[in-house]
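This is what each chain is made of:
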Amino acid sequence: MNTSFDMTFAPSAQIVSVVRRFVLSLYERLLGRDELSAQLALATHELLENAVKYNIDDTTFLRVSLLRNSDEAPRFLMTIRTRNRASPSHITTATEIVGRFREAADPALLYQQMILASIASTDGSGLGLARIRAETEMNVDIKVDGDLIEFIAEIERNLGGRS
Amino acid sequence: MTADDLDLDLDLGDLRAAFAADDVLRLILAGSADFNNEVAVRELLAAVDERIRRLRAREVVVDLRALDFMNSSCFKQLISWILAARQHPEEQRYRIRLRVDPSRYWQKRSLTAISFFGDGIVIVDAG
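Protein chains in written order, with my numbering: chain Z, 1 to 163; chain P, 1001 to 1127.
Among the clues, some could well be false.
[Claimed, not checked] Below, in silico cross-link-like pairs of lysine to aspartate or glutamate (EDC-like), each with a Cα-Cα straight-line distance of 16 Å or less:
| hint | chain 1 | residue 1 | chain 2 | residue 2 |
| --- | --- | --- | --- | --- |
| 1 | Z | 53 | Z | 137 |
| 2 | P | 1108 | P | 1068 |
| 3 | Z | 143 | Z | 156 |
| 4 | Z | 53 | P | 1038 |
| 5 | P | 1108 | Z | 34 |
| 6 | P | 1108 | Z | 137 |
| 7 | P | 1108 | Z | 35 |
| 8 | P | 1108 | P | 1125 |
| 9 | Z | 143 | Z | 71 |
| 10 | P | 1108 | P | 1038 |
If you're looking for bench data, these hints aren't it; they were derived computationally from the structure. Quick caveat: nothing in here was measured; it's all calculated off a predicted structure.
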């Protein structure tokens, strides 16, 4: 069951939907028509759009993995990572937004509040990140190293009966 | 009103839209609404709103069943339209009937947010 793939590509908005459909097809094949496959596809799309939109050079990185997390129970860790270079202002905004997720007691309510706030703004609203947290229950984290920004969306699931 | 008045079709490759007036006004969306066509979605919904009000219709059906995916930016445009429609004067106000396919995960989950913003003017048909 353990599987992962990496992609490195020049930022292209056209590629995002292609990758989403690939992720959905791949994990439906591996997991069956499980909601988890759709959650992974949704999170991949939103993270990748951000990575393409806010990239400041010619490389965007994506890794999607499904790894067994325990020998004793059929628990698997699903992880999506995107990495790209970004402007200091975007890194500051993104870090603040992820901090709000950590403090939010109700991710769905935060998402609704962010939708309302974003209607008056044009960019950098963090709606895609909020949607991942609200609609997939995946944890969203951020790592910053200079101008490199990495988003990690993660969820642990019991996939009993599949090996 | 003529049929030409209601020809509001859109083909952007990944995203297709068709607006039609039979016994009811219908906007049908298919494909994928994402980063590539956020502006087109905003303009389309504004144009649809204008047509509905011009026709003084009381309801529009928005058929999302063939829409594989809608990203958060386009979803925001849909919410913006709903919020704007709520603010119309009584004589121009209309219902938005969303026809959805609950087997599509994003449609099922996003209904929660839609019902939060709909405030009586949005009806969700999950048939």
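For each hint, the structure was consulted:
| no. | hint | verdict |
| --- | --- | --- |
| 1 | Z:53 / Z:137 | violated (24 Å) |
| 2 | P:1108 / P:1068 | holds (12 Å) |
| 3 | Z:143 / Z:156 | violated (20 Å) |
| 4 | Z:53 / P:1038 | holds (13 Å) |
| 5 | P:1108 / Z:34 | holds (14 Å) |
| 6 | P:1108 / Z:137 | holds (14 Å) |
| 7 | P:1108 / Z:35 | holds (11 Å) |
| 8 | P:1108 / P:1125 | holds (11 Å) |
| 9 | Z:143 / Z:71 | violated (28 Å) |
| 10 | P:1108 / P:1038 | violated (21 Å) |
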